[in-house]
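Student: Chain by chain, the residues:
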Amino acid sequence: MKKLGESKGKRVFVYVILILWALISIFPVYWMLTFSLKTNAEIFGENVAGLPREWVWSNYTRALNTGDMPRYFLNSLIVAVSTIVITLVAAVMATYAITRLRWKGRKRMNSFFMLGLTIPIHASIVPLYTTLAKIKLLDTLWALIIPYSAFSLAMGILVCTGFMGDIPYDLDEAAMLDGCSTWGIFFRVIAPLMKPAVATVGIYTFLQCWNELMFANVFINSDKWRTLPVGVQSLSGQYTTDWGPIGAALSIATIPTLIFYIFMSKKIQDSFVAGAVKG
Amino acid sequence: MKKPLQYKINIFLFLLPALALFVTVLIAPIIMSFYYSLTEWNGFTTPEFIGFKNYVELFTSKSINISRALKNAFLLALLSCIIQLPFALWLALRLARPIKGRTALLSIYFMPVLISTVVIGQLWLKIYNPDYGVLNVLLRSIGLEKWTHIWLGDKKYALGAAFVPILWQYVGYHMLLMYAGIKGVPPELTEAAMIDGCTPSQVNRYIIIPYIRPILRVCVIFAITGSLKSFDLIYVLTNGGPSHATEVPSTLMISMLFLRNRYGMGSTIAVMLIVLCFFFALLINAVFKEEK
Amino acid sequence: MKKILALALALVMVLGMAACGQSAAPAAAPAAEPAAAEPAAEPAAEETVLTLWSIATESDSSHQAFIDAIAAFEAAHPGVKIEHVTTENEAYKTKIKAAMSSGEGLPDIFFTWGMGFLGEFVNAGRVYCVDKEYEAYKSELPEAMTVNVRYDNKMYGVPYTMSLITLYANMDMLAEVGYTDIPATYEDMMACCDALVAAGKIPFGVAGKEKWCLSEYLEPLVIKSVGGQKLRDMYNGEASWNDPDVVAAIDAFQSMINKGYFDPSANALSNDEVKNNFIAGKTAFYQNGSWNNKDIGEQAQFAVKAGTFPVLNDAIPLYSMIGGPNNTLAVTESCKNKELATEAAFELAKFMSDADYKSGANLPCWAADPNADVNELIQAAADMASKAADMVLFGDNFLTADAANTYLDYIEMAWSGDVTPTEYVEGLDADLG
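Residue numbers (our numbering), protein chains in the order written: chain E, 1 to 279; chain Z, 280 to 571; chain H, 572 to 1004.
Certain hints may be false.
Claimed, not checked - Label pairs and their computed distance ranges (CB to CB):
{"id": "1", "chain 1": "H", "residue 1": "Q870", "chain 2": "E", "residue 2": "L51", "range": "53 to 59 Å"}
{"id": "2", "chain 1": "H", "residue 1": "Q870", "chain 2": "Z", "residue 2": "V302", "range": "20 to 26 Å"}
{"id": "3", "chain 1": "Z", "residue 1": "I378", "chain 2": "E", "residue 2": "L193", "range": "27 to 33 Å"}
{"id": "4", "chain 1": "H", "residue 1": "P815", "chain 2": "Z", "residue 2": "A307", "range": "53 to 59 Å"}
{"id": "5", "chain 1": "H", "residue 1": "E869", "chain 2": "Z", "residue 2": "I421", "range": "37 to 43 Å"}
{"id": "6", "chain 1": "Z", "residue 1": "F313", "chain 2": "E", "residue 2": "N40", "range": "46 to 52 Å"}
{"id": "7", "chain 1": "Z", "residue 1": "K425", "chain 2": "H", "residue 2": "S630", "range": "33 to 39 Å"}
{"id": "8", "chain 1": "Z", "residue 1": "I421", "chain 2": "E", "residue 2": "R106", "range": "43 to 49 Å"}
{"id": "9", "chain 1": "E", "residue 1": "K267", "chain 2": "Z", "residue 2": "R376", "range": "18 to 24 Å"}
{"id": "10", "chain 1": "Z", "residue 1": "I288", "chain 2": "E", "residue 2": "I259", "range": "57 to 63 Å"}
{"id": "11", "chain 1": "E", "residue 1": "L20", "chain 2": "Z", "residue 2": "F313", "range": "55 to 61 Å"}
To be verified - Under the rule of at most 27 Å between Cα atoms (straight-line distance), these lysine-lysine pairs were calculated in the DSSO-like manner:
{"id": "12", "chain 1": "Z", "residue 1": "K425", "chain 2": "E", "residue 2": "K107"}
{"id": "13", "chain 1": "Z", "residue 1": "K379", "chain 2": "E", "residue 2": "K267"}
{"id": "14", "chain 1": "H", "residue 1": "K652", "chain 2": "H", "residue 2": "K703"}
{"id": "15", "chain 1": "Z", "residue 1": "K425", "chain 2": "H", "residue 2": "K929"}
{"id": "16", "chain 1": "H", "residue 1": "K876", "chain 2": "H", "residue 2": "K830"}
{"id": "17", "chain 1": "E", "residue 1": "K224", "chain 2": "H", "residue 2": "K664"}
{"id": "18", "chain 1": "H", "residue 1": "K876", "chain 2": "Z", "residue 2": "K434"}
{"id": "19", "chain 1": "E", "residue 1": "K224", "chain 2": "H", "residue 2": "K907"}
{"id": "20", "chain 1": "H", "residue 1": "K853", "chain 2": "Z", "residue 2": "K425"}
{"id": "21", "chain 1": "H", "residue 1": "K664", "chain 2": "H", "residue 2": "K909"}
{"id": "22", "chain 1": "E", "residue 1": "K195", "chain 2": "Z", "residue 2": "K462"}
{"id": "23", "chain 1": "E", "residue 1": "K267", "chain 2": "Z", "residue 2": "K462"}
{"id": "24", "chain 1": "Z", "residue 1": "K568", "chain 2": "E", "residue 2": "K107"}
{"id": "25", "chain 1": "Z", "residue 1": "K462", "chain 2": "E", "residue 2": "K10"}
{"id": "26", "chain 1": "Z", "residue 1": "K434", "chain 2": "H", "residue 2": "K853"}
{"id": "27", "chain 1": "E", "residue 1": "K136", "chain 2": "H", "residue 2": "K907"}
{"id": "28", "chain 1": "E", "residue 1": "K136", "chain 2": "E", "residue 2": "K266"}
{"id": "29", "chain 1": "Z", "residue 1": "K435", "chain 2": "H", "residue 2": "K664"}
{"id": "30", "chain 1": "Z", "residue 1": "K425", "chain 2": "H", "residue 2": "K876"}
{"id": "31", "chain 1": "H", "residue 1": "K958", "chain 2": "E", "residue 2": "K136"}
{"id": "32", "chain 1": "Z", "residue 1": "K462", "chain 2": "E", "residue 2": "K266"}
{"id": "33", "chain 1": "E", "residue 1": "K134", "chain 2": "H", "residue 2": "K907"}
{"id": "34", "chain 1": "H", "residue 1": "K929", "chain 2": "H", "residue 2": "K876"}
{"id": "35", "chain 1": "Z", "residue 1": "K379", "chain 2": "E", "residue 2": "K266"}
{"id": "36", "chain 1": "E", "residue 1": "K136", "chain 2": "H", "residue 2": "K876"}
{"id": "37", "chain 1": "Z", "residue 1": "K350", "chain 2": "E", "residue 2": "K104"}
{"id": "38", "chain 1": "H", "residue 1": "K709", "chain 2": "Z", "residue 2": "K434"}
{"id": "39", "chain 1": "Z", "residue 1": "K425", "chain 2": "E", "residue 2": "K10"}
{"id": "40", "chain 1": "E", "residue 1": "K8", "chain 2": "Z", "residue 2": "K462"}
To be clear, the hints were calculated from the coordinates, so they are not data collected in a lab.
For every residue, glycine included, the Cβ atom is placed at its ideal position computed from N, Cα and C.
Please model the complete structure; the sequences and the hints are all you need to start from.
Tutor: Take a look at the structure:
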């Protein structure tokens, strides 16, 4: 490919900025990983940002012993996966009804769903608490999965609308002429073409529920259903001035996601791209 | 044209899962919140109906000082739009062109997004620590002792210090969305423009950016409503302090609900936020349509 | 020394009666036997589960005491299991309020603070009155200790420990500037701080990030300027804050700030960090609740002394203390086994009172073992409690939630210099009224 109108100086400049931003993006993680293996003496004094001189693995055993980290992680994972599945199914179906079926009020229905983007999640905590208690879901993972799905729905529909709106309408008509029913069109024509939206919606939903602290803290009582953010928060409350174990706890919460991401990043990016190509 | 009944039932069935979730989890609590916002209620006893008194108090009370919280939230939204989004767009445009190490850079830029807010908050608390935090240590080591501050504890710097991690964390998110959009621009379009003698920046300006408008719209909506609703990181970093310097509507709302037991007033702030976010979402949509 | 505690309790009782006005106990039904009377003979019976919510997370100094107390209760009551859910302090407030507000999913027994915090739950009818069950424990839990859990003279909670604001001093550091004891007069205190500042040391550690920690410094100044009764009247709305003695106290507070007596990093620190700074020898004094006795006593590598801040006004007795019985267990109205849960609350409280006292974590509300071998700091705290001329609860516990937070806001404004002493008292009169 030709590179037009770009001097060497400018290219170097661009690279410098790109690399600088990469360093800024990665530094906190690097710092977290290194100080999770240091003693306080190193963190606070002679060796603030370098690699640990003495690798203090006991920080990790201490962090792991003050709670059930693997369990919290598993709970967070179950919540995230279930939320993504529910959000996707509900969002794709609703988007189909809004964008491809002709009926009065579909525009209004879309705006109605977009209202979801505007609602601060924390405002509904007490009414939700009451409802969840009444239907006996409090202190189960459903108490998180259902609200998280509902709060991710608006974004899901928004993204799906983008993807679905760009599938040519001829396809529906052709399918209809072939004798497909509404459901047939949905399952055979539209749903398969929505695969790319999965990544985008999936990532968004994942982020939304992976990080959430307030609901997770209020709706869950039992230790066995606690999620990662709650675990990390209480852990860092316990070692306020002993940074090593805090670093270890933060790392434990982060490393599995990072590993997953390192292996999947190409795939995640590709589906983003593929999605946008269709879009 | 009259639609057969079956068609209507189908529409309803397609909407059912989303509607059920949406109405029970979002709409019903909002309606309840709106009702509570018209009451004086501590959360425990019977709510006492007081009309719009909470709204009047919210906008006139000096001690609640909603205007400061709103100003902070708007400032964050503004910074998102003039720093975070353009920078993300620049990164995306750059990375969409042939460049060495693209995959690695994309992955690295996106990484902060994947880290839990609690973790990010704890990390930045440590970065800002006045005595041992990396920032002050760095400033001291390069002889800029007088630039060191008690970042999160100083009224003058706390707001900026709290905003930096928020803006930092989501650059990668917007970048990836925009990058995906740019990759979706048909190569014929850009190639034709290049052949016509357009410079890369002209291609960006006249071909790519107009093409990815829908994604830009999503990014803008997300950045603005996200800023207005911002809560988690500020809660972990400063919880609205020092002396309310970093108060945003959400932190005010939480303190009304759970510290002051003023459920009615907390709900009033919630309603105000919803109205505000909805207004901006509509506004952004209108602006993007207009330009089309 | 050993008798001090009994004395302390007696004294608090007198104070309590004065404050409370009425002490006639309801002539109650025959006292329920505290323990052992349960049908322990039938282990085949179905297991009863009681849930208990508390803030005793693993880092809390009462964590082990709770575990032991529960184990003891379960051993004495076969077939009863107590499920203990712990939540970190701030998160706990959100959690208990959400549950209280909806009235659903409430635990059987819950940890609470007295006065304002518990009061709102009581007003909402969510808390079970324990008057009847109290009869059996009257001899062990002095009635004076229950003043902060009484509403309309009905008792709604079982207190287990009491706390006093204590001034902890690093005696090694004071020795460096020529002091062998905590300065006994205000002037001497200021001179001591000046000497410390001149020697490049930080006199006071405080967490500017946590408003209640600021109040741990301000409230002793106020009570030692206006006296206990007047302060109580101000909290109750029966006296104006606009009083020259309050103004003098705020003025003293601000001049201490302006003279650089407080840690310059204060605003970025949490209370735990400040406490650890003191333990690490970074500050000369640390003024906070007596619940810190254990951590400081066990971890500090220097000579520590626990005392109280000198008076600003010579007419006020030195031992005018801020504090009182505050850590409490209460039973919810929605509990299915109220009698059993109440018994558990009493038994756990009794155990905790003793365990926390013996471990040096805090002062007991219940009659304590006079032969217990306790550490020096808790001895000093007990000593201060016995000498107390008056005792007023922490302002943010005393007031109801909304008022308490407004009050803390004003303290923060005084701390950051956003209000003058006059604006402070006028503001409190206007906004708390």
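Student: State for each hint whether it applies.
Tutor: Right, here's what the structure says about each hint:
1. Roughly 30 Å separates the CB atoms of Q870 (chain H) and L51 (chain E), a value that falls outside the hinted 53 to 59 Å.
2. Checked against the hint of 20 to 26 Å, the pair Q870 (chain H) and V302 (chain Z) fails, with Cβ atoms roughly 55 Å apart.
3. Taking 27 to 33 Å as the suggested C-beta distance range, the pair I378 (chain Z) and L193 (chain E) conforms, at roughly 31 Å.
4. At roughly 55 Å, the beta-carbon separation of P815 (chain H) and A307 (chain Z) lies within the given 53 to 59 Å, and the hint holds.
5. Here the CB-CB span from E869 (chain H) to I421 (chain Z) is close to 41 Å, well matched to the stated 37 to 43 Å.
6. A beta carbon spacing of about 51 Å between F313 (chain Z) and N40 (chain E) agrees with the range 46 to 52 Å that was offered as a hint.
7. At about 37 Å, the beta-carbon gap between K425 (chain Z) and S630 (chain H) stays in the expected band of 33 to 39 Å.
8. In this structure the supplied range 43 to 49 Å is violated for I421 (chain Z) paired with R106 (chain E), their Cβ-Cβ distance being about 60 Å.
9. Restraint check, K267 (chain E) to R376 (chain Z): a C-beta distance of roughly 22 Å satisfies the suggested window 18 to 24 Å.
10. At about 47 Å, the beta-carbon gap between I288 (chain Z) and I259 (chain E) misses the expected band of 57 to 63 Å.
11. The hinted range of 55 to 61 Å is not satisfied by L20 (chain E) and F313 (chain Z), whose Cβ atoms lie roughly 48 Å apart.
12. Using a Cα cut-off of 27 Å, the hinted pair K425 (chain Z) and K107 (chain E) is violated, with the two alpha carbons roughly 57 Å apart.
13. Pair hint K379 (chain Z) plus K267 (chain E) holds up; C-alpha atoms about 19 Å apart against a cutoff of 27 Å.
14. A threshold of 27 Å between alpha carbons decides the hint, and for K652 (chain H) with K703 (chain H) the separation of about 23 Å falls inside it, so the pair holds.
15. For the hint pairing K425 (chain Z) with K929 (chain H), the CA-to-CA distance comes to about 49 Å; that exceeds 27 Å, so the pair is violated.
16. In summary, the hint linking K876 (chain H) to K830 (chain H) is supported, as the alpha carbons are separated by about 24 Å, within the 27 Å threshold.
17. Distance hint between K224 (chain E) and K664 (chain H) is fulfilled; the C-alpha atoms sit about 21 Å from each other, no more than 27 Å.
18. Of the pairs offered as hints, the one joining K876 (chain H) and K434 (chain Z) is violated, with about 35 Å between alpha carbons and a cut-off of 27 Å exceeded.
19. With a CA separation close to 24 Å, the supplied pair K224 (chain E) and K907 (chain H) stays within the 27 Å bound.
20. A distance of roughly 22 Å separates the Cα atoms of K853 (chain H) and K425 (chain Z); the hinted pair therefore holds under the 27 Å criterion.
21. This hinted pair checks out: K664 (chain H) and K909 (chain H) have alpha carbons roughly 23 Å apart, not beyond 27 Å.
22. Pair hint K195 (chain E) plus K462 (chain Z) holds up; C-alpha atoms about 17 Å apart against a cutoff of 27 Å.
23. Pair hint K267 (chain E) plus K462 (chain Z) holds up; C-alpha atoms about 15 Å apart against a cutoff of 27 Å.
24. The hinted pair formed by K568 (chain Z) and K107 (chain E) meets the criterion: a straight-line CA distance of about 15 Å does not exceed 27 Å.
25. With a C-alpha separation of about 23 Å, the suggested pair K462 (chain Z) and K10 (chain E) falls inside the 27 Å cut-off, and the hint holds.
26. Proposed proximity of K434 (chain Z) and K853 (chain H) is supported: the alpha carbons are some 25 Å apart, at most 27 Å.
27. The straight-line distance between the Cα atoms of K136 (chain E) and K907 (chain H) is roughly 17 Å, inside the 27 Å bound, and the hint therefore holds.
28. With a C-alpha separation of about 42 Å, the suggested pair K136 (chain E) and K266 (chain E) falls outside the 27 Å cut-off, and the hint is violated.
29. With a C-alpha separation of about 30 Å, the suggested pair K435 (chain Z) and K664 (chain H) falls outside the 27 Å cut-off, and the hint is violated.
30. With a C-alpha separation of about 37 Å, the suggested pairing of K425 (chain Z) with K876 (chain H) is violated against the 27 Å cut-off.
31. Annotation: proposed proximity of K958 (chain H) to K136 (chain E) is violated, straight-line Cα distance about 52 Å (limit 27 Å).
32. Restraint check for K462 (chain Z) and K266 (chain E): satisfied, since their Cα atoms lie roughly 14 Å apart, inside the 27 Å limit.
33. At roughly 17 Å between alpha-carbon atoms, K134 (chain E) and K907 (chain H) fall within 27 Å of each other, so this suggested pair holds.
34. Between K929 (chain H) and K876 (chain H), the direct Cα distance comes to roughly 19 Å. Compliance with the 27 Å bound is thereby established for this hinted pair.
35. In summary, the hint linking K379 (chain Z) to K266 (chain E) is supported, as the alpha carbons are separated by about 15 Å, within the 27 Å threshold.
36. A distance of roughly 53 Å separates the Cα atoms of K136 (chain E) and K876 (chain H); the hinted pair therefore is violated under the 27 Å criterion.
37. The straight-line distance between the Cα atoms of K350 (chain Z) and K104 (chain E) is roughly 40 Å, outside the 27 Å bound, and the hint therefore fails.
38. Between K709 (chain H) and K434 (chain Z) the CA atoms are separated by roughly 52 Å; this puts the pair beyond 27 Å, and the hint is violated.
39. Of the pairs offered as hints, the one joining K425 (chain Z) and K10 (chain E) is violated, with about 34 Å between alpha carbons and a cut-off of 27 Å exceeded.
40. For the hint linking K8 (chain E) to K462 (chain Z), the alpha-carbon distance of about 25 Å falls within 27 Å, and the restraint holds.
Checked against the numbered hints given earlier, the structure breaks hints 1, 2, 8, 10, 11, 12, 15, 18, 28, 29, 30, 31, 36, 37, 38, 39 and satisfies all the rest.
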